[in-house]
Amino acid sequence: MNTLNKRLFGGNEGLLGTLFLAIILVVVLPLTLDIFRLNLMGKYLTYAFVAVSLVLLWGNAGVLSLGQGVFFGLGGYCMAMFLKLEASDPVTTKIQTTPGIPDFMDWNQLTHLPAFWVPFKSFPFATLAILIVPAVIAYVVGAAMFKRRVGGVYFAVITQAIALILSLGIDGNQGLTGGRNGITDLKTLLGWDIRTKSGQYTLYFVSVALLFGVIMLSRWVLSSKMGRILNAMSEKEDRVRFSGYDVSDFKIFIFCLAAAISGIGGAMFVLQVGFISPSLVGIVPSIEMVIFAAVGGKRSLLGAVYGTLLVNTGKSLFSETFPQLWLYAMGGLFILVVVLMPNGLAGLWADYAKPWLRGAKKRLLERPPTGEPTTAGTAVETN
Amino acid sequence: MSSNTDYLLAIEDLTVSFDGFKAVDSLNLYLDQNELRVIIGPNGAGKTTVLDLICGKTRATSGSVKFKNREMLGMPEHSIVRSGIGRKFQTPSIYENLTVYENLEVSFPRGRGVFGALAFKTTSEVEERIQSVAETTFLQDHLHTEGAFLSHGQKQWLEIGMLLAQDPKLLLVDEPVAGMTDVETHQTAELLKEINKDKTVMVVEHDMTFVRELGVKVTCLHEGTVLAEGTIDQVSSNERVIEVYLGR
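Chains as they are written, first to last, in our numbering: chain A, -5 to 377; chain B, 21 to 268.
Not one of these hints is a red herring.
Cut-off 27 Å, straight-line C-alpha distance, at most; resulting in silico cross-link-like pairs (DSSO-like, lysine-lysine):
hint	chain 1	residue 1	chain 2	residue 2
1	B	189	A	230
2	B	77	A	141
3	B	141	A	230
4	B	141	B	189
5	A	230	B	77
6	A	115	A	88
7	A	115	A	181
8	A	0	B	141
Not close to chain B: a few residues of chain A, all C-beta gaps over 10 Å, as computed:
hint	residue
9	7
10	162
11	336
Don't read these hints as lab results, they were simulated from the structure. Idealized CB from N, CA, C, for every residue including glycine.
Construct the entire structure; sequences and hints are all you get.
Here is the structure:
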């Protein structure tokens, strides 16, 4: 039990942190926000999947991907394709030239469903595809890059290029993908209406549950020997290689895991927002996700969630008032975080809030100073 | 192709050329089982390059490196390590963010694949090994210190310890006493002799007091080839060695 606590939550402190976040997400937000704002939060939480994946990939393995939007998008498209097919039954689409295919295909003079769409009629297939398609693409890209020892900035630039290619590819093939408009008018999931209030509440809680599942899985991975190797690798790759590890295998693995996690986020996005478009796949969202992780603290799994929620809440409040200025504010925020707080919110918590709380507790209990284990563990990581 | 030998490590006609400059030039070098060999030589003699070639960090232009009669050239680094060759780098190369314990644990030769690493459990065997390696390398009181907080000498020892945790047959040790105090240098000499009891060790070092203390066969390299080989007295009285390296 004790080791399980350590492996999944990071010990008692991590358990408390997880519970605290759970209370905010499960109790406080649903009770204080109307369904419109809560749905917005649910949307932000789907970005948090990507931020968590970046904590694994960038914060812990030292591999910066500026193209995580690709995997978010792939997961999203897999879900959207299933939902679109469900929404395009022959009865509702009977005014089309070819009933029973998605409307945008009909507009583009397609007369039958393209072969790669056909399996997405099956819900189990689509669900698996949400995890597997991003992971397979990540495997191909990762194997091509990491086996050739492409890393660092070069890798980051290549992931950017892939984000651009994917968004342009979707954009340019309107008949197959819905093009720039994306896939819209998604209505039901296995007959269950996802647009109703209760549907949105349910999906919000499902997102929260999945997010915690992903965080626990990530912590389990990081607390294994794998986690130590990833950390070691990000610091001294050669040393790891000369300790007998095939460094590229580890990078490929974590890249695939991060991709699958991002894919779940994308799928939950589609369910809650009701559409997906190439604008969510490309370079800009991919970079925004990195900022979310950086603000939260690139090594902190829980921090990633806070970072995502905070930046996005800020974005929607700020851009409602000063739409022109938002991008500058976002850029400024990133510079500020990188320069002044390299460990983000999690760093602030570990460096300032925790010592203060400990001091406050000590003053409160007025214990004699002997035997207080207060100074130990200030440098302990809180991810 | 070179023939099989009784040597643990047989380097034959090893050449590496960087844009026409031959850093190592038709080098022949043989190491016996359980030998401790010191490589000396002036800067640029190719000492570190030889170690790099053996462990696969640098790709050779031609020649052969046979370890237990198996050709090492062309194998990926991790496979060379897994066949039993450990490498310590010139500047101590340890993981500053990990504790001494974790540094040694990461070096433990199990769970080296992706899924092995996920399933790896620190068994009592691992614990014992880490404990004993830490004792050998004078770090038993620092098991839970982060690498970054060790002194320079301790970092050198930790890296040697990390090699020991890998349980290699051959240790390639590059300048182990650089930056060490006299006491630490002496301890390191003792440490290497201790390790040499059941492992083969190849040391590159400049510190002549240290080399004398080891008191083993010495190879002096110059411009990528062997200049002299023998006991330290033989080598240091060699005219050419005095001329290019030791000075008059």
